[in-house]
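Residue numbers (the numbering used here), protein chains in the order written: chain A, 1 to 334; chain B, 1 to 162.
None of these hints come from the bench; they were simulated from the model. It is possible that part of the hints are untrue.
Said to hold, decoys possible - Derived SDA-like pairs: lysine to any residue, alpha-carbon spacing no greater than 25 Å straight-line:
1. K5(B) / S257(A)
2. K5(B) / R127(A)
3. K5(B) / G130(A)
4. K5(B) / T134(A)
5. K5(B) / L26(A)
6. K135(A) / W147(B)
7. K5(B) / W126(A)
8. K5(B) / A133(A)
9. K135(A) / R8(B)
10. K5(B) / S121(A)
11. K135(A) / F13(B)
12. K5(B) / S166(A)
13. K135(A) / T19(B)
14. K135(A) / R4(B)
15. K5(B) / R129(A)
16. K5(B) / S189(A)
17. K5(B) / P258(A)
18. K135(A) / V18(B)
19. K5(B) / L117(A)
20. K135(A) / A16(B)
21. K5(B) / L120(A)
22. K135(A) / F55(B)
23. K135(A) / N93(B)
24. K5(B) / D125(A)
25. K135(A) / L30(B)
26. K5(B) / G112(A)
27. K5(B) / P131(A)
28. K5(B) / R138(A)
29. K5(B) / R4(A)
30. K135(A) / E134(B)
31. K135(A) / R89(B)
32. K135(A) / L120(A)
33. K135(A) / L20(B)
34. K135(A) / D7(B)
Note that the structure is predicted; figures quoted are calculated from it, not measured.
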Amino acid sequence: MIARDARLRVIALLLVPGFVGHFIQLASEDVPWAAWARMRYWNTPGWHLLLPMWVPAVIAAGLAIAVIGLAIRRTRPWMWAVVGLYLAHYLTYPYRIRNHMSHMAFEMTMLGGVWLLGRLSGASDWRGRGPAATKVDRWAVTGMGAVLCVTYVFAGLHKINDMFLSFDPDRSSAVEGLTTFWIYGDLGSVPPRWAMAVATYGTVAIELCAPLVAWRVPKLRVPAVLVLFAFHFPHVAVMNVADYPMIASAFYPALFSPGHFRLLLRHARRPNAWNVTGASLGIAAQLWWIPWWGGLTILGIFVMALWGWAGGSMLRMVWHGRRLRALVGRRALT
Amino acid sequence: MLARKLDRRLLAFVVALVTLQATHNALPYLGLRDDSCQTMFSGLTYEARANNHHFVPQRAVSDLWRYVTDVEARIEPAQPASARVGYLRDWLNAEDRRLNTEALRAVVWQICDAGHRVRLRYRDPVTGRMAQAENACDVERLSSPRWAVPVRLYETDLPALP
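So that you can see chain B by itself, here it is in the shape it has in the complex (with noise of 0.2 Å):
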């Protein structure tokens, strides 16, 4: 009997695991994440509604996945509080990049952090159109990482689409 509950417990965390690990391995579908989801080498492209499987479908279900294209950030004060302060905002404003959404969010977060305001100008990636924000840091979408990922999911920045 004890036996038998003990093999019932330990089939359920197995199935509950494996159906993880399977869910997880498919979030590229999703637009959840990229990295260490076994699509090394794959070649595997997307967009919001389209890849190049031949029949998994691709749904985006968030932002995680798109990059931000020209950028410019000025904080104020305009002296960097901290050389980290110094290289994020180089880094916003790296010439020919595009930056992914939440490692944007990560960076002004921590320039806000540290006492700055982060005045913004990019391109949204949705509506293609210049966009501009006075103060990024008040601005949830631009500044909140989400802290329930502990890792990163996706590239933080790449060279520029011609």
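Looking at chain A on its own, in the form it has when it is part of the complex (with noise of 0.2 Å):
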């Protein structure tokens, strides 16, 4: 077992995915095999540079082998795996570094740096148990909950400029996608002027709020998440970037509560009415609104379908919860 923690079981499961967008952005776009990708390599400053050149590719392939394993095995030496590999292939790549790979760096120091004080403490051992193991963990999942929300912050606040907040599609990146998205969704040309406002306004108050929201006030919990997946739809269907939400999203879980969580997983865990309608209408929605069949075009049919159940299961869960609370009303009247 990786944790005692549901969250950061669920958490671990969910990064492997993420890994997989990762792979399939840094292959599709670096090509590292191709001649002028060693060009590349070296007009690049950083470690990599004082490394021989297999040593990068080395502990790429140690990354992708531990997230296999964690995949199959799903245990916490795997996990500390994919941690310091991970941390070393930051370290040492040698091209561009996207966004995903500070946040996800952050959030492997979090988990592993928590763990280790955990240990050096006595509280847990490595393989997760000990007197605090789960104080350890929960801690962890504290933590990665508040880097999703500074990471979301920051994307935020960086768009709050005159470029982005522009309704010119030659201007603003939002405007930009939000015309990809309207063509390719069979909804006309232009996007209404409402639409330019949801994309540009809306994406900075989305940023700096929902996911706040959703780990602060456990009522307004799962309208926040709904709203971070229709937020990220348009990235997935048509902008060519699915690595990064279902990166971000892989710690969702973070922002639930320990209680919170484990009811979503009784609603989640098997297939039923919500869940499968959920996940049927995101793949539609990605077979309708899919630009082309690529690498992350076709992860995004995973994503949508996983989103989709994990709506469809939210939403039985906060139907379920107020049938059991008119009830139990009743029951009280009478």
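Two chains, two separate frames, one set of hints: put the complex together.
Listed below in structure tokens is the structure:
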């Protein structure tokens, strides 16, 4: 077992498709085996220049093996291997460091650091057993939730500028992406102004607020997470960056309290009308919008199925919770 | 008692790491990094003392974000010691490109390390005037990469501005 905290176990599980997206993006854009990539390797500053060229490749291969190990075995030592090798991969990567890579580096440092402190304090051992192992795992999840919120807050903060907030598709990547989304969704060739306002100001508002609300306001947690899914849908569907939303959403369990997440798992573990419908709608939406068949757009089908499943499960949890409250209320009255 | 001590330690670690992350993500406003600071798709642009953000000020504290233009590099001996050196020389001389200062340092360092001298003419990004180094290997700001920085921080080269 990776951890006693169910949220951490699910995060570890979701990291596997997150890393698949990471590898697809890096392999398809950087093409490290191409001759021209070797040239770029040399004109990129960084520690890789101090190492033999095979070292970053071996570290990347080791990370891939560790991720496969994590997928198959799902035990703490494999998670340790992923944490260590990912940090080595980050520090020796010879090309552009993507936004998701620093986010992942901070998440892995948070997890590895808390586990290491727990180990040094005698609270838990390398396999996650010990007198205060649950406490250590809960701190790790709390820290990962904080890292996730900081990532989103800065993504929103940087966008408060005249380029992003303009309604000009040549200046604002939000409006450019929205236009692409509109065209591939057969919604028209030019999005209406209200949609541009949602894509620009709405993006800033969502990135600044939604993760924090989901993390700190339990009553609004489900709507906030559903808003995040909806917000990321165009990125997955038409912007060819399904890896980042997948990696970000892998840490969404950290936004839940332990009790709330246990409750959600009851509705998510087995197929039911809600999550199967959600997953089907997710797949259908991605197939409708898919601009071309590529590595990341195909990963997008999986991501949308996953989010649909999670969204359906959350709605079922809310629905059952309301029914239960109404039932308890009626019984109290009679 | 032990549990409280553990809580304090873990809280301190979480707060420290989150503070570090926030500082890291604010680096674009200090001219210290653009890659991987969550600026993707943001449209954030900057100069030394100005940016297009509505309220966060810009105070560049290094030249890491700057780009050198009009570079002409000649190596001595003229015959490159290896294919790698030949490529790096060609990269320095690429037409209509501007080269990131840190990438330029990393490239000059490698050519010098291979035993060449590098005669460099370039337009200084701060003064805007042409400058020259008879042997860039002897000039620290042209040939000493900042090894404290493990990864790329900015795009290595971009099309020259009109």
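Which hint numbers does the structure go against, in order from smallest to largest? 5, 6, 12, 16, 22, 23, 25, 30 and 31
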